[in-house]
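Chains as they are written, first to last, in my numbering: chain A, 1 to 84; chain B, 85 to 208; chain C, 209 to 484; chain D, 485 to 988.
FYI, nobody ran anything at the bench for these hints, they're computed from the structure.
Among these hints, one or two may not hold up.
[Stated by the list, open to error] Below, computed lysine-lysine pairings styled on DSSO-like, alpha-carbon distance capped at 27 angstroms:
| no. | chain 1 | residue 1 | chain 2 | residue 2 |
| --- | --- | --- | --- | --- |
| 1 | C | K218 | B | K204 |
| 2 | B | K194 | D | K586 |
| 3 | A | K25 | B | K202 |
| 4 | D | K931 | D | K916 |
[To be verified] Only some residues are given here: those of chain C computed to face chain B with a beta carbon under 7 angstroms:
| no. | residue |
| --- | --- |
| 5 | M216 |
| 6 | V217 |
| 7 | R254 |
| 8 | V473 |
[Unchecked claim] Here are the in silico distance ranges between beta carbons for each label pair:
| no. | chain 1 | residue 1 | chain 2 | residue 2 | range |
| --- | --- | --- | --- | --- | --- |
| 9 | A | F22 | D | Q514 | 22 to 32 angstroms |
| 10 | D | F905 | C | G432 | 50 to 60 angstroms |
| 11 | B | W92 | C | I413 | 45 to 55 angstroms |
| 12 | B | T150 | C | T272 | 29 to 39 angstroms |
| 13 | D | Q514 | C | I223 | 49 to 59 angstroms |
| 14 | D | V839 | C | G232 | 42 to 52 angstroms |
Beta carbons: idealized from backbone N, C-alpha and C, even for Gly.
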Amino acid sequence: MITLFSTLLVILIIAGGFVAIFSKKLLSSVISMGLVSLGVSGLFFFLQAPDVAITEAAIGAGLSTAIFIIAIKKVQKGGTSDDE
Amino acid sequence: MIDFLQNWIYLTGAMALVGIGLYIVLTNTNILRIIVGLNIVDSGTNLFIVTIAWHPKSVMPIYTATNNLVVDGHVVAADPLPQSLVLTAIVIGLGTTALALAIAVKIYQKYGTLDVRKIKEEDK
Amino acid sequence: MMNDTPEMVKKVFAIFVVGILIVGFFMAFTQMPKANAVNVNNTVSRFYVMKDVDQATEMLDKGTYFNKDMVPLRNDVPYTPITFGKSANLEDGAANVVTSIVVDYRGFDTLGEVTVLFLAASGVMLVLHGQKRKIPKKRTEPSEIMYVGTRIAFAVILLFGIYVFIHGHLTPGGGFPGGAIIASGILGLFLGKQGYSPNKSGLTIFESLSGMAYVVIGIIGLIGEKSFLANFLPTGTIGDLFSAGFIALIYIAIGMKVGSELSAVTNAMIIDTEDD
Amino acid sequence: MKTYNFAALLVGVPLLMAFSIPLFGFISKQLAKWITVLTLTFEFLFSLYILLWHVYPFNVIMGNWVPPFGENLYIGSLATILIVVISFVGLMISIYNLWSAKYGDVVHFALLFLMFVGGSIGLISTGDIFNVFIFMEITGISSYALAAYGPERRALGGAFKYLVISSIGSTLYLFGVLLIYTQLGTLNIAEIAARISQTTPGLLTFAGILLVAGLAVEAELFPFNGWVPDTYTGAINPVSATLSGIGSVGGVYVLIRIVMTVFGKNGNFVSTYGNLDLMTLIAILGTATVVIGELSALVQTNIKKMLAYSSMAQMGLVAMAFSIGSRLGAYAGIFQLINHSIAKAMLFLILGVIVSFGGERVEDMKGLWYKSPFLAVTFTIGALSLLGLPLFGGFWSKFALVDASFQRGGWYDFIMAIVLFASVVEAFYYLKVVGYIFTSKPAVSEKIKVEISPAIPIAAFAILIIAIGIFPQIVSGISYSAAHELTDKMSGYVLNVIPTIVGH
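All chains should be modelled from the sequences, with the hints used to inform the complete structure.
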């Protein structure tokens, strides 16, 4: 059963990686990167590493994607001005 | 046989992620996409490290009331050392990503573009 | 990364490089120990799991740890069974073995890791320095429900984060995820109110003091136990909240540090630092 | 096993001060810079104490867990001399920064600079192969941020390129480390070094290539050094001096430690395991680096880019010296590394003063002698030392390098040819600049006023170069014992860390 689940997850993360390669929009690339991180953190649970899974979910999938999206927003809207 | 395959499934996933990430880094000229690639490489590395710490009959390396890690003088837990290394690697990856994004935002403000080629041209 | 090369050449080159790497890796994998044979008993982790490093050290001192071919006799080290909730005064009382490695056996790594995150946060501030926020004119203010909701959620998330890093030695989690959870709570506050900004100098003080606390804990170990980052507190019974010596202390320092640091990073990315 | 745990402060004090710098920054920005100077003074004096009172070699135990189980720092003769050099160069650059770092966020700049030096010291002293990765990231992250600092926008592009290449390099390094871990189950350098022959040859070969590839990024060796020219040119001059004088020393140290101590075979000087000889790989990479670096430096019109390529070429020479494999070769490599670190840091600092008054093309150096005799003389000293003229530090190291390749014989004579080739090319471009400095009169002869804070480090470096040139025994004695540590890995390294390992 676990083998089936983990195989599905592996296929999912590889698919996510391909979406990150071929998607035209940057945002969907980043979202699929976050999904890959989330899938990897799921795999960590199957690999008996709950500590790593929690850290990856909180940091890799959560915060780093959030910072990414903030950066994309800044880059596209240019919501800041430069004083120097 | 299934156990053996299982290990290879994880290794294949890890290698696929590393390959995809490297491909993104090598073929793209958009700075943010390059950072996406680096992040995917990081995920693949972490998956690889956790996989080599694991074997199909292992339990998680935490002592609880029901989870004993040592049976008859043999450790049955997954190897906790690589797992602790991965914790480190994840945090370092976040640091690199944050710094790279900060540089990318600054580049956009100074050059008005995120394309590596255009930046190179403007410098000349 | 390469410039002025046609798209196709670049792709072929990338596939070539990636292919070589992957072929190399799979060749290496075939020589790795087989899945069923990967065994903690052949690695130094064995002693971390059994909390038996002291015995192994004794054997090392007597010269009986390595055999004459320099192969370590790791499975010959006698062990004392560990019972959850009963065994006391183990050399490192943490029930979570990963935590005990991260904070105690290989604590120096973690000090470096904290430094890396600190440097990354400082680097973000250095790079993004000298920018001021310009609030876009046309933007809808978040509703009152959003404002109150994020505040309440923040309180809950903060408590959860603190729980995660205080229980780091018992359950999965610890300082890093705990800090990241707190930071994501603060991230929520940005959504709740237009122009929200946490107290920046407060975050800096928090960050500096908790980082210094970590090093000072290390130096106390150096003075009291003759070794940097040595555990100088009693370890208690495995499974208790007050066990595992200084691990809880360090995880509290790390949790506060990571939380304030990541909040400062998100703040810098959203608002950018203000020039004084 | 001699232990001296108090030396953990070598790493602990910079960390403590770095964490506290933001607090000092609230009081005054200048205070933050002075904290850097004070901390590095402490580092320099402490390492000088270790050197002169002959405290080395010793272990530092972390957390009361002895080496194969816990982490340790090992400070042998090689680490001692390099830490002295690094902390000296760092101290001098930090004095220079009192004057030069003036735009933007000075407090965080001081902090990152301090941790770059502190991280390099940790990188050199650590005895754990994963800890090396951590310190690589500490130096790496601080140098990306430092390289992006400054008024010019091209700094950002250089910093980003460095970041991408370096993080891929460290990922490869991590893979190499973990592949070795699957075989030996340990992360301690000494234990891995003692038991390296117990691994599977094919896997070990691949792991070795990955490790070398990862470390060659910091050591500026050929296929991985694409970042060097962009980053050095974009960054402000003190940062280029730091990267060249401190960063590359740390990178080469780890590369050599891995190749010679971990993969080396005891007694034999050349490491051969599996199908690949890592020393030959290093020799090939080094040769390619020298040739490409020197030829690129020859055609540059931007003097900073010229120095960047020259820096690359010098690192190639160092790698070639180590790849000879004999004790004399290692000695030449260490000596060359020290000379390069001091001279190149000085040249970049001088350039910083000049650039603040004018451009950075080669023509802008014309008539420097009429503008500022002090800068002209010190620049000449640095250039001639890198060329390897007698009376300057660089002479002894190049002489030893030629001597080593000659004694080793065989195809290693080839290295001698490369060294001579490099010297000739260097003579072309450095003497061209020196000629510009002294012969041509400037169009506008405004004097360059050198203030006291940049003058101290430049003068100190110049005096040191001359001192090493006249009395090479200042560094040659300890360099020679450091070469012993590298070439005889059991009695030089392993038995000092794990004395009870049997069967050697």
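In ascending order, which of the hints set out earlier in this document are inconsistent with the structure? 5, 6, 9
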